[in-house]
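Residue numbers (the working numbering), protein chains in the order written: chain D, -7 to 306; chain G, 267 to 533; chain B, 3 to 315.
Since the hints were made in silico from the structure, they are not lab data.
No experiment lies behind these values; they were computed from the predicted model shown.
A few of these clues could be false.
With a cut-off of at most 20 Å between alpha-carbon atoms, the simulated DMTMM-like pairs for lysine to aspartate or glutamate come out as follows [stated by the list, open to error]: (1) B:K264 <-> D:E263; (2) D:K190 <-> B:D263; (3) B:K237 <-> D:D127; (4) G:K427 <-> D:E55; (5) B:K260 <-> D:E245; (6) D:K82 <-> G:E431; (7) B:K237 <-> D:E31; (8) B:K136 <-> D:E263; (9) B:K264 <-> D:E117; (10) D:K229 <-> B:E293; (11) B:K264 <-> D:E77; (12) B:K266 <-> D:E129; (13) D:K229 <-> B:E146; (14) B:K221 <-> D:D251; (15) G:K418 <-> D:E129; (16) B:K266 <-> D:E295; (17) G:K427 <-> D:E31; (18) B:K266 <-> D:D203; (19) B:K264 <-> D:E106; (20) G:K427 <-> D:E263; (21) D:K75 <-> G:D368; (22) B:K260 <-> D:E106; (23) B:K264 <-> D:E55; (24) B:K266 <-> D:E143; (25) D:K188 <-> B:E301.
This is what each chain is made of:
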Amino acid sequence: MPPVLRVIGLKKEFPIRKGFRTLTVKALRGVDLELNENEIVSVVGESGCGKTTLLRVLARLYEPTAGKILLFGEELPRRLNRKEELKFRKLVQMVFQDPFASLNPTKRISYMLERPLKIHRIENEEQILKNVLEDVELTPPESFLEKFPHELSGGQRQRIVFARAIITKPKIILADEPTSMLDVSIKSGILNLMLKLKEEHGISFLHVTHDLAAAKYISNRIVVMYAGLIVEEGDAKDIVNRPMHPYTMLLREAAPDPDRGSSSALVDVGEPPSLIDPPLGCPFELRCKYAKAECKKPVQLREVDGRKVRCVLY
Amino acid sequence: MWKIGLGIILFFVFMALFAPYLAKYPPNRTLNLPYQPPSKQHWLGTDRLGRDIMSQVIHGSRLSLIIGVSTGMLMTLIATGIGMTAGYFGGLLDRILSTLMDIFLVIPGIPLMIVISSYIRVKGPLVVILVIALTSWGSGARVIRSQVLSLKNREFVMASKVTGESDLRIIFFEILPNMLSLVASIFFSSVLYAIIGEASLSFLGLSDVSKITWGTMLYWAQNANALLNGMWYWVFAPGLCIVLLGSSFALLSFSIDEITNPRLKAR
Amino acid sequence: MFEVVKLNAGYQFRNRFVHAVRNVSFKVEDEDFFGVAGESGCGKTTLMLASLGLLKRPGKVISGQVLLDGTDLLSLKVSDLKQIRWKKISLVTQSSMNSLNPVMKIKDQMADVLVKNHGFSKNDAYELVKEKLKLVGITPDRMESYPHQLSGGMRQRVVIAMALLLSPKVIFMDEPTTALDVVVQRSILQQIEELKKKEHFSIVFITHDISLLFELATKIAIMYAGEFVELGEAKSVYSQPLHPYTKGLIEALPSISKDLDKYKSIPGRPLDLALKIEGCPFRDRCSYAFERCEVEKPELRFVDGRWVACHLY
């Protein structure tokens, strides 16, 4: 079974103007990724690592600078005509971080759910709307259809966002920090919803988050990104319990953990490197306590013990 | 605040609608000797053709309002169309349109209108509307473009794209409804600008001065050296109307924020 | 040392009163790390503003006392309160790092308060600023920088240094690290821990990130619908939560070290604080609720070395 989504050598650069010069921000510097059927892969990293850019390129909101994207084994051309684009949008959907900002405040819920059906010429609207609201556990469905976004709570809004995403029966959902703006008591509800959608609807998720614990809970695999590159990839529970790359170890140490015995001596005052002029070698070298001379040269992503790591230590 | 503005506008609309009934005399009929001072028969005296000035003020509201509002609508239409296109599509189209906007912004409006009007042979209300609208849409377009730029990156617009909405639908059905108060505000300030613009062009004799608007009244008053000859009322009456109507639209334009942004509502 | 006694505060609008802080009492001892945990809309920010006399209209304090070394801060005149603020008690908020004056160098902003309100000479002020900046790990050469030249994490350190200028006894922090990345957050929090031991102050830390508080705080208060529903030693509250809401929160939090199969969310939504509440405010979402919970509001009772507001005990 070929992977549902495959990314090869993806690069994305943004031009920015500083005075009279034009500089480029290299947000993605060569990313290879696979998403299989019935799988949740979480992409973790801090701000600026490129995870959101990755998602937006895959959603065709940005055009890639270089690299290939394969959907169900077929390469996607740079330009799609309207018919091809609609086919793509039916299969690949996206969910955003801010449940209030991703719903048009001037439209009713029924409108927002009907639009995808109208665009893709799907019939039987009434029944589908009811079904989809039940799928996201918003019952009774009728009471939600005529409401405006501001009349719902944050958790309810996010469920509507998911409802809109699954209404065309997609195979892939790109989820950009879907729980980071939700209260603690609501977060796991949405995480559980994602697990349910994976199991019952066969949807694969590419889930971007900075919350390592949430990633561990719902993912099959975790991908760790730093400064536009993947630095580690592997089984979710395995990566969190036994991190290999020094940056993954740092993330693990830094995450809040009520069960931690005593505070560890983590004194890291470093920052990610500039993406305008990224270092040629390992991006983490300046902050790494294990850094050696060879880290200044480019380091490849290697397979070690069923894990992929970009580090000279392995 | 806006209630005062609305009240004034309704007053003038009423005046314009019922002008034939409100005015004592037809505005164009010579009824008496010219340049008569105010009297019981002619509250504001007579003009150079012996016509009743008061009736002219009342009838003048018609064309002044029509020209003002039509120009305002046309200006807003152009500004919104160009501003949204430039803001949404970006790239080369944006750069071309922005340069166009900048050109029209940099050239002073009224002198430009004067120059163009003096070259055009045809004169009339339609010309006035076109001249004002086609030279002054720049600032509205800039504002709309900025707003679209910021709305474009809001997540609900990205969500619409991902759902598969076409660009046209996104512009008109997703972004525009979120800009209604801005468009309304631009409309009101455009009408204000148009009223002043029409008055200025007419005052300089660059419109069809045989038509009766408050602006053309000022032209004729100036022609007769009204202020030097003690006929200050001939200038004051239409002038006051222009100021009142203009201010009322200004009040609406400012208060639009008050109505839509709850944080600015008076305590 | 610092004590809040039966504080009631809220926001007065034309036709309704939002009762955001309902009869809250707590004590902060020397070098305590007192955590206030709660979700959005529970009233924790109002609690902080009310305790510091910073509530502006339409907010107001209805009743209660805020005692600092015996003096009730709420009964002081504004001018006296200004003297105490920054000297004995200070504040770090989430938006602080974005509220720095963009056109002043940071050394000038920090020295400003000292020179204007507390009679320092410019040189003495700069010396103190240098000292405190060193404490938070900012080198003296950075004193000449403008806020936009510093990263988010560094700006927040500057704000913390400002809070430490006059060596206050109690520092309030409202979501000080929420806007920062997890690694930066961790290093700042570690720095705060060290400073607390060195400079001997107490912290009242308000946040919705409960796992953080369970890890770092000595004492913790769980706030719901304007009240403290559980209050006690952080580690024991975590290992043996008594109140159903606390239990629900812990069960809803994915853990990074444990390998649980399922996490549950708490059904329902938080209460509207403008409404009068009959009985227990949590009863609609509580799986243990029984008849008494509908009628009678549970008071805070001392159970097993902890305070809990629940009829189960």
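Status of the hints after comparison with the structure:
1. B:K264 <-> D:E263: 35 Å, violated
2. D:K190 <-> B:D263: 16 Å, holds
3. B:K237 <-> D:D127: 38 Å, violated
4. G:K427 <-> D:E55: 14 Å, holds
5. B:K260 <-> D:E245: Holds. K260 (chain B) to E245 (chain D) sits at ~14 Å (cutoff 20 Å).
6. D:K82 <-> G:E431: 12 Å, holds
7. B:K237 <-> D:E31: 36 Å, violated
8. B:K136 <-> D:E263: 19 Å, holds
9. B:K264 <-> D:E117: Violated - the C-alpha atoms of E117 (chain D) and K264 (chain B) are around 34 Å apart, more than 20 Å.
10. D:K229 <-> B:E293: 43 Å, violated
11. B:K264 <-> D:E77: The given pair, whose Cα atoms are some 38 Å apart, is violated under the 20 Å limit.
12. B:K266 <-> D:E129: 14 Å, holds
13. D:K229 <-> B:E146: 46 Å, violated
14. B:K221 <-> D:D251: Measuring from Cα to Cα gives roughly 16 Å; hence the hint holds.
15. G:K418 <-> D:E129: Given that 20 Å is the threshold and the Cα spacing comes to 31 Å, the pair is violated.
16. B:K266 <-> D:E295: 36 Å, violated
17. G:K427 <-> D:E31: 25 Å, violated
18. B:K266 <-> D:D203: Cα-Cα ~17 Å, so holds.
19. B:K264 <-> D:E106: 33 Å, violated
20. G:K427 <-> D:E263: 34 Å, violated
21. D:K75 <-> G:D368: 38 Å, violated
22. B:K260 <-> D:E106: Roughly 42 Å separates the two Cα atoms, so the pair is violated.
23. B:K264 <-> D:E55: At roughly 38 Å apart (the allowed maximum being 20 Å), E55 (chain D) and K264 (chain B) break the hint.
24. B:K266 <-> D:E143: 25 Å, violated
25. D:K188 <-> B:E301: Violated: K188 (chain D) and E301 (chain B) sit about 40 Å apart, past 20 Å.
Comparing the model with each numbered hint stated earlier shows that hints 1, 3, 7, 9, 10, 11, 13, 15, 16, 17, 19, 20, 21, 22, 23, 24, 25 do not hold.
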